[in-house]
Each structure stands twice: as structure tokens, then as C-alpha cells.
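Engineer: Please build the complete structure, drawing on both the sequences and the hints.
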Amino acid sequence: MLLVAARGLREVKRAETERRLASIAHDLVRERGFTQVTVDDIAELAHVSRRTFSNYYSCKEEAVAAVILHAAEDGLATWRPDPTGGLADLVRSLVRHQADAGVLARLVEVAGLAAAHRQLAPFVRDAQWHVWATAGERLPLRGESPEPLRRAERDALLGAVFGVVSAQLAHLLPGTDAHGANPDRLRHLVEHVIDRFEGPR
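The letter at position 99 of the sequence shown is residue 1480 when you use the numbering used here, and the numbering goes up by one with no holes.
Quick caveat, the hints were computed from the structure, so don't treat them as lab data. Even glycine gets a Cβ: it sits at the ideal position worked out from N, Cα and C. Each hint should be verified, as a subset may be incorrect.
[Claimed, not checked] The list that follows gives simulated cross-link-like pairs (lysine to any residue, SDA-like), each with its CA atoms no further than 25 Å apart:
#  : residue 1 : residue 2
1  : 1394      : 1433
2  : 1394      : 1437
3  : 1394      : 1431
4  : 1394      : 1414
5  : 1394      : 1408
6  : 1394      : 1482
7  : 1394      : 1421
8  : 1394      : 1511
9  : 1394      : 1426
10 : 1394      : 1430
11 : 1394      : 1435
12 : 1394      : 1438
13 : 1394      : 1427
14 : 1394      : 1424
15 : 1394      : 1458
16 : 1394      : 1440
17 : 1394      : 1579
18 : 1394      : 1425
19 : 1394      : 1422
20 : 1394      : 1439
21 : 1394      : 1429
22 : 1394      : 1432
23 : 1394      : 1448
24 : 1394      : 1454
25 : 1394      : 1451
26 : 1394      : 1455
27 : 1394      : 1443
28 : 1394      : 1450
29 : 1394      : 1419
30 : 1394      : 1459
31 : 1394      : 1409
32 : 1394      : 1436
[To be verified] Label-pair ranges, simulated between beta-carbon atoms:
#  : residue 1 : residue 2 : range
33 : 1390      : 1416      : 21 to 29 Å
34 : 1566      : 1430      : 37 to 45 Å
35 : 1401      : 1544      : 30 to 38 Å
Structural biologist: This is the structure in C-alpha cells:
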């Protein structure tokens, strides 16, 4: 029993350190810019060694992008799916909840940082993909169709949402024109796609 409790405490502390490092990295980069922030700066503010930092993140870019995942995890933790809602209703509810939790805003913000620092872009894309994969795991399968078909329907709608967000964020990433992407616009476009998927009411 004591061993289990100790293991649980270690996991909690590890998660706290992971989040603290990401938060510090993100805040420093926003304040100073990427070129003015080093891993040593992040580790010093977090009161850990550079080696400890490396146990969590491979580089400062990965740490910055991790704030997207943490925001999404926090949002998902408080989302309660409607037990009677259909697929479109569930996805719409999830998108609205995540938007209200600031996840879309955080996505746009970090993608904007990547516009000035090319090395961040692949980590933003990876974080975005993990957000959608995690969201898909939380969505219950609804409907009367066989399970493979229900999974295909869920994946199709989530894929459409992912595509809309990816296309908008692409405007902020290196090599593209920075326009069109903001949290409110993202939410509007995503809900439009969900409405079209659902069809006439």
C-alpha cells in the first residue's frame, strides 16, 4: 500500500514538474523571444538541472508546444458529454467547451510564435495532432450502426474539424501568409463544418 502511494506521489510530482517547465518556457519565450531564451534559463527558473529538463523535453521548442497539450487536457477533464446527444452534438459540445477553456486561443497563440521561429512549427503540429487524438478517445460512439461504421463516422467528423483548424493555423506557420487565424474564426468555421456534417435539422 505504501509503495503504491509513493509511486502515485512520484507521478503527481513528475506531472507537476512537466507542466511547470512547459509554462516557464512558454512565458519566457513570450517575454523575450526564442533567441533570447535557453534551456538553462528555463531550468534555472524551475529550480531544476538541465539534465532534469532533458528528462521531460528534448528542447525548448517541445516544452513551449506542450502548453497546448496541457490546456487541452485541462479542458477535457471538465467536459461532460451529453448522454443523449448524437455524434454532431457531442463534437459541437466538445469544441465549444475546449474553446471556452482557451484551447483554441492557445493553439493560435503558439502557432503565432512559430511564425517567428521555424523550429517550433513541427512541435506545434505534433501537439495539435495529440489534442485531436485525445479528444477522439473521449468521444463515445453513438448510433445504431455497427461499431466499425460508428468509428468511421466519428473519425470522419473529427478529421474534418482537424483539417479546418490545421488549414487556419497554417497561415501562421513559417512560409505562409499570417492571416485569417484567430480563436473566434476557428470556432465559427468548425461549427459550420459540424452543421454541414449533421445536415438539415
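Engineer: Next, verify each hint and record whether it holds.
Structural biologist: Each hint, compared with the structure:
1. 1394 with 1433: Judged against 25 Å, a Cα distance of about 13 Å means the pair holds.
2. 1394 with 1437: Between residue 1394 and residue 1437 the Cα gap is close to 12 Å, so the pair holds against 25 Å.
3. 1394 with 1431: Status holds; Cα separation ~17 Å.
4. 1394 with 1414: violated, 29 Å
5. 1394 with 1408: Given pair residue 1394, residue 1408 holds - Cα atoms ~21 Å apart, limit 25 Å.
6. 1394 with 1482: Roughly 24 Å between the alpha carbons, so the hint for residue 1394 and residue 1482 holds.
7. 1394 with 1421: Within the cut-off at roughly 21 Å; holds.
8. 1394 with 1511: holds, 22 Å
9. 1394 with 1426: holds, 17 Å
10. 1394 with 1430: Since the Cα atoms of residue 1394 and residue 1430 sit roughly 16 Å apart, the hinted pair holds (cutoff 25 Å).
11. 1394 with 1435: holds, 16 Å
12. 1394 with 1438: Judged against 25 Å, a Cα distance of about 16 Å means the pair holds.
13. 1394 with 1427: holds, 13 Å
14. 1394 with 1424: holds, 16 Å
15. 1394 with 1458: holds, 19 Å
16. 1394 with 1440: Distance ~21 Å between residue 1394 and residue 1440 Cα, so the pair holds.
17. 1394 with 1579: Violated, at about 43 Å.
18. 1394 with 1425: holds, 18 Å
19. 1394 with 1422: holds, 21 Å
20. 1394 with 1439: holds, 19 Å
21. 1394 with 1429: holds, 13 Å
22. 1394 with 1432: holds, 17 Å
23. 1394 with 1448: holds, 17 Å
24. 1394 with 1454: holds, 17 Å
25. 1394 with 1451: Holds, at about 15 Å.
26. 1394 with 1455: This hinted pair holds, its Cα atoms lying about 17 Å apart.
27. 1394 with 1443: holds, 20 Å
28. 1394 with 1450: holds, 18 Å
29. 1394 with 1419: Holds - the C-alpha atoms of residue 1419 and residue 1394 are around 24 Å apart, at most 25 Å.
30. 1394 with 1459: holds, 21 Å
31. 1394 with 1409: Within the cut-off at roughly 22 Å; holds.
32. 1394 with 1436: Measuring from Cα to Cα gives roughly 13 Å; hence the hint holds.
33. 1390 with 1416: 21 to 29 Å: violated, 38 Å
34. 1566 with 1430: 37 to 45 Å: Once the Cβ atoms are compared, 42 Å apart, the range 37 to 45 Å for residue 1430 and residue 1566 holds.
35. 1401 with 1544: 30 to 38 Å: holds, 33 Å
When the structure is compared with the earlier hints, violations turn up for hints 4, 17 and 33 and for no others.
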